[in-house]
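From first to last, the protein sequence lines stand for chains A and B.
Mapping of the first sequence onto the working numbering: position 130 corresponds to residue 130, and the numbering continues sequentially without gaps.
Mapping of the second sequence onto the working numbering: position 387 corresponds to residue 568, and the numbering continues sequentially without gaps.
What the hints contain is simulated information worked out from the structure, not anything from laboratory work.
A hint or two may mislead.
Unchecked claim - Covered stretches of chain B, going by a simulated chain A footprint (3 or more residues, C-beta under 8 Å):
hint, region
1, 188-196
2, 324-332
3, 408-414
4, 438-444
What the hints assert, rightly or not - Heads up, simulated EDC-like pairs for lysine to aspartate or glutamate below, C-alpha to C-alpha not over 16 Å straight-line:
hint, chain 1, residue 1, chain 2, residue 2
5, A, K12, B, D481
6, A, K12, A, E42
7, B, K487, A, E53
8, A, K66, B, D481
9, A, K12, B, D314
10, A, K12, A, E53
Cβ coordinates follow ideal geometry from the N, Cα and C atoms, glycine included.
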Amino acid sequence: MLQTISVLIENKAGALLRVTAVLASRGYNIESLTVARTCDPELSRMTITVNAEEKLRVRIIAQMNKLINVVEAVDLTESPSSVRELVLLRLESATLCGRILEIASPVQARLAGPARNGFVIEATGSPADLDSWIRSFPGDTAVEITRSGGVAVPLEPRILPTPRPVATGAGRALAEPVLTA
Amino acid sequence: MTGAQILLECLAHEGVDCMFGYPGGVTLPLYDAIRDHQIRHVLVRHEQNAVFAAEGYARATGRVGVCCATSGPGATNLVTGLVDALMDSIPLVAITGQVSQALIGTDAFQEADTFSITRPATKHNYIVTSLKDLPRTIHEAFYLAASGRPGPVLVDIPKDIFLARGAYEPLTTIDLPGYSVRMEGDGVQISRAAEAIRAAKRPVIYAGGGIILGNATPELRDYVALSGAPAVCTLMGLGAIPTEHPQFISMPGMHGSYAANMAITDCDLLIALGVRFDDRVTGKLERFAPHARIIHVDIDPGEIGKNRVADIPLQGHAKTVIAQLNAELRAGGPVTPNAPWQRQVDDWKAEHPYDRAHAEHEIRPQHLMDEIDRLSAGEAIVCSDVGQHQMWAAQLLRFNEPRLWINSGGLGSMGFGLPSAIGAQYARPDKLVFAICGDGGFQMSIPELATIASLALPIKMIVMNNGYLGMVRQWQTLFYNNRLSSVELDCFPDVEKLAGAYGIKGRVVRDPAELAAALEDAIKEPGPFLLDVRVSPDANVYPMVPSGGAINEMVLGELTGARK
Numbered sequence: 001m002l003q004t005i006s007v008l009i010e011n012k013a014g015a016l017l018r019v020t021a022v023l024a025s026r027g028y029n030i031e032s033l034t035v036a037r038t039c040d041p042e043l044s045r046m047t048i049t050v051n052a053e054e055k056l057r058v059r060i061i062a063q064m065n066k067l068i069n070v071v072e073a074v075d076l077t078e079s080p081s082s083v084r085e086l087v088l089l090r091l092e093s094a095t096l097c098g099r100i101l102e103i104a105s106p107v108q109a110r111l112a113g114p115a116r117n118g119f120v121i122e123a124t125g126s127p128a129d130l131d132s133w134i135r136s137f138p139g140d141t142a143v144e145i146t147r148s149g150g151v152a153v154p155l156e157p158r159i160l161p162t163p164r165p166v167a168t169g170a171g172r173a174l175a176e177p178v179l180t181a
Numbered sequence: 182m183t184g185a186q187i188l189l190e191c192l193a194h195e196g197v198d199c200m201f202g203y204p205g206g207v208t209l210p211l212y213d214a215i216r217d218h219q220i221r222h223v224l225v226r227h228e229q230n231a232v233f234a235a236e237g238y239a240r241a242t243g244r245v246g247v248c249c250a251t252s253g254p255g256a257t258n259l260v261t262g263l264v265d266a267l268m269d270s271i272p273l274v275a276i277t278g279q280v281s282q283a284l285i286g287t288d289a290f291q292e293a294d295t296f297s298i299t300r301p302a303t304k305h306n307y308i309v310t311s312l313k314d315l316p317r318t319i320h321e322a323f324y325l326a327a328s329g330r331p332g333p334v335l336v337d338i339p340k341d342i343f344l345a346r347g348a349y350e351p352l353t354t355i356d357l358p359g360y361s362v363r364m365e366g367d368g369v370q371i372s373r374a375a376e377a378i379r380a381a382k383r384p385v386i387y388a389g390g391g392i393i394l395g396n397a398t399p400e401l402r403d404y405v406a407l408s409g410a411p412a413v414c415t416l417m418g419l420g421a422i423p424t425e426h427p428q429f430i431s432m433p434g435m436h437g438s439y440a441a442n443m444a445i446t447d448c449d450l451l452i453a454l455g456v457r458f459d460d461r462v463t464g465k466l467e468r469f470a471p472h473a474r475i476i477h478v479d480i481d482p483g484e485i486g487k488n489r490v491a492d493i494p495l496q497g498h499a500k501t502v503i504a505q506l507n508a509e510l511r512a513g514g515p516v517t518p519n520a521p522w523q524r525q526v527d528d529w530k531a532e533h534p535y536d537r538a539h540a541e542h543e544i545r546p547q548h549l550m551d552e553i554d555r556l557s558a559g560e561a562i563v564c565s566d567v568g569q570h571q572m573w574a575a576q577l578l579r580f581n582e583p584r585l586w587i588n589s590g591g592l593g594s595m596g597f598g599l600p601s602a603i604g605a606q607y608a609r610p611d612k613l614v615f616a617i618c619g620d621g622g623f624q625m626s627i628p629e630l631a632t633i634a635s636l637a638l639p640i641k642m643i644v645m646n647n648g649y650l651g652m653v654r655q656w657q658t659l660f661y662n663n664r665l666s667s668v669e670l671d672c673f674p675d676v677e678k679l680a681g682a683y684g685i686k687g688r689v690v691r692d693p694a695e696l697a698a699a700l701e702d703a704i705k706e707p708g709p710f711l712l713d714v715r716v717s718p719d720a721n722v723y724p725m726v727p728s729g730g731a732i733n734e735m736v737l738g739e740l741t742g743a744r745k
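Sequences are here, hints too, so could you generate the full structure?
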């Protein structure tokens, strides 16, 4: 079972790379990644799906939270959250298209529009439901699939850390000891 | 004003009085502007030494060290020093030039992707893409470097930004929504910590670099007095407790004291203050302080529980948290130290003190450290390189105050000693500064003799010359059946001629009977002095915890050691 990490980051050049590098530099592959702006244009929300055991995941999230551009990284694996994913399928047969749309599944699937020599179906659902939906296709189905990766939202309201602005030069007072001769 | 002038104004606003650097093509506008500015530029002879010198400056004063390099090779030469500062949490701001934005990505002359190369080498880094962002970026860089867990911050500035013209409007605040610094420790955890301290039968204080960085020495010393517990300081924490303090049992870990390693192994409460349970301290982690509950105070929440689960985690600034702890302990009446535990620790201390014997036929490294210690008396700044001499210095030199012992701990960068002494002596002209190097590390730093001579910095350069890369040789001897491979440094320059070539004084000393006078003469010399001390070639550093072993299983010396 894969795990979900949700990261709220500043919408700045290089921020995405800093977050993904926390995983990459430890040799961990990212199973899926989505990122887009939130209501606040200064911030973006990332959803990262990984396969990392808990102890390591705790460390990875701590490292992400250390990043200056990260407002908050949280593990949604154990906490209540809603995870959805979008799948786009391109098929060349109208019959097949009909058969796929008739499969009973919690997945929401509908015809998105025509393609050259065929059709595009869009489907949304939880990543696991989409997996089993795709597995239930007739064996000879020739389709091209693009998946968005999961997007997640926690079900409980969260209080975000809100650091206050600091005066320029504030670091100086923090760092400097009183020197003795 | 030009971008270069605006940059200098921002640096001045941050209290910068000097920067260590090396100019180049894209930083020409900056070097032109610096001629007319009060900030002084110290020209080193290699960019790596600019960042080491800035580290020496920062470590000796607590202020943010500043270094500067040009694009491409200038910037890539900074990388080792940036990682060094990252590992030891040293506040630095590095300014690098970049090719003009129109040329970025075209493989332009002296172009390197500095932003990407230095991302994992810094606490945070920036590339400035518009002049209006420059002041905010510089002020953020200084705040990030100095606050929280300090570290290096790099600002990459394209040449067109240095040249662009605009008005400088001083910035009064900076806003970093993803960065907050927690100073105070959680009240509930403070109470729990105080209870645990009262209940402990065999406590040990384990204090590290966080005490020095956080200027928490007075609070720590208060706490040591209040609790009566034995205390160790890590390599990065030496000086936080005076070496001769009766409760001080020196450094723990691979080359730590017998008493420190035994006390940690037997303790029932380990009060970890600004430390990160480094592998060179813990040895085999599962057997480090196996009977102890852990109180872990650290400003970086990422450190707490990283290597060892903390029973009482206390995120906050060492100075604030220890003061809170002291107040809580005082409020509850005096802590009664456990006399049998104190006696046990004193016994360990007496049983196997560090070897400091002298010999008549050769200068033992311990003899050299003893003589340096006699002249320093715990008051001099000692900048060390990396290797055997570093361990002997850490074991045998006294440090009465913080910020006197300057060395590359986490990264272990050879070539650190001499340039860091440049920064330290520049910052503290009032202090006696020793640079103690091995013959290996010294040869990595020889170009800086020019900087030292040019600035007439009265650094006392002591080469502990054993003709080997001693620490690597020690491991080859002990763990590779004495099959020595590429560790013999069979050519070393004549230091009288070498120093003389730079117009400074140098001398070789081989005779143990002449050592004391040679060092005294070096100190009497008003300018720099290079002393090449020929020591026993085959001495090993003991105690030694073999890599991966538990720290109570020390090899104590040749007679009981693996070589017998």
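Now for the hints, and whether the structure bears them out:
1. 188-196: Answer holds; 3 residues pass the 8 Å Cβ test.
2. 324-332: holds (count 6)
3. 408-414: With 0 residues close enough to chain A, the hint is violated.
4. 438-444: violated (count 0)
5. A:K12 with B:D481: violated, 24 Å
6. A:K12 with A:E42: holds, 8 Å
7. B:K487 with A:E53: holds, 15 Å
8. A:K66 with B:D481: Roughly 8 Å between the alpha carbons, so the hint for K66 (chain A) and D481 (chain B) holds.
9. A:K12 with B:D314: holds, 13 Å
10. A:K12 with A:E53: violated, 30 Å
Taken one by one, the earlier hints fail for this structure at numbers 3, 4, 5 and 10, listed in ascending order.
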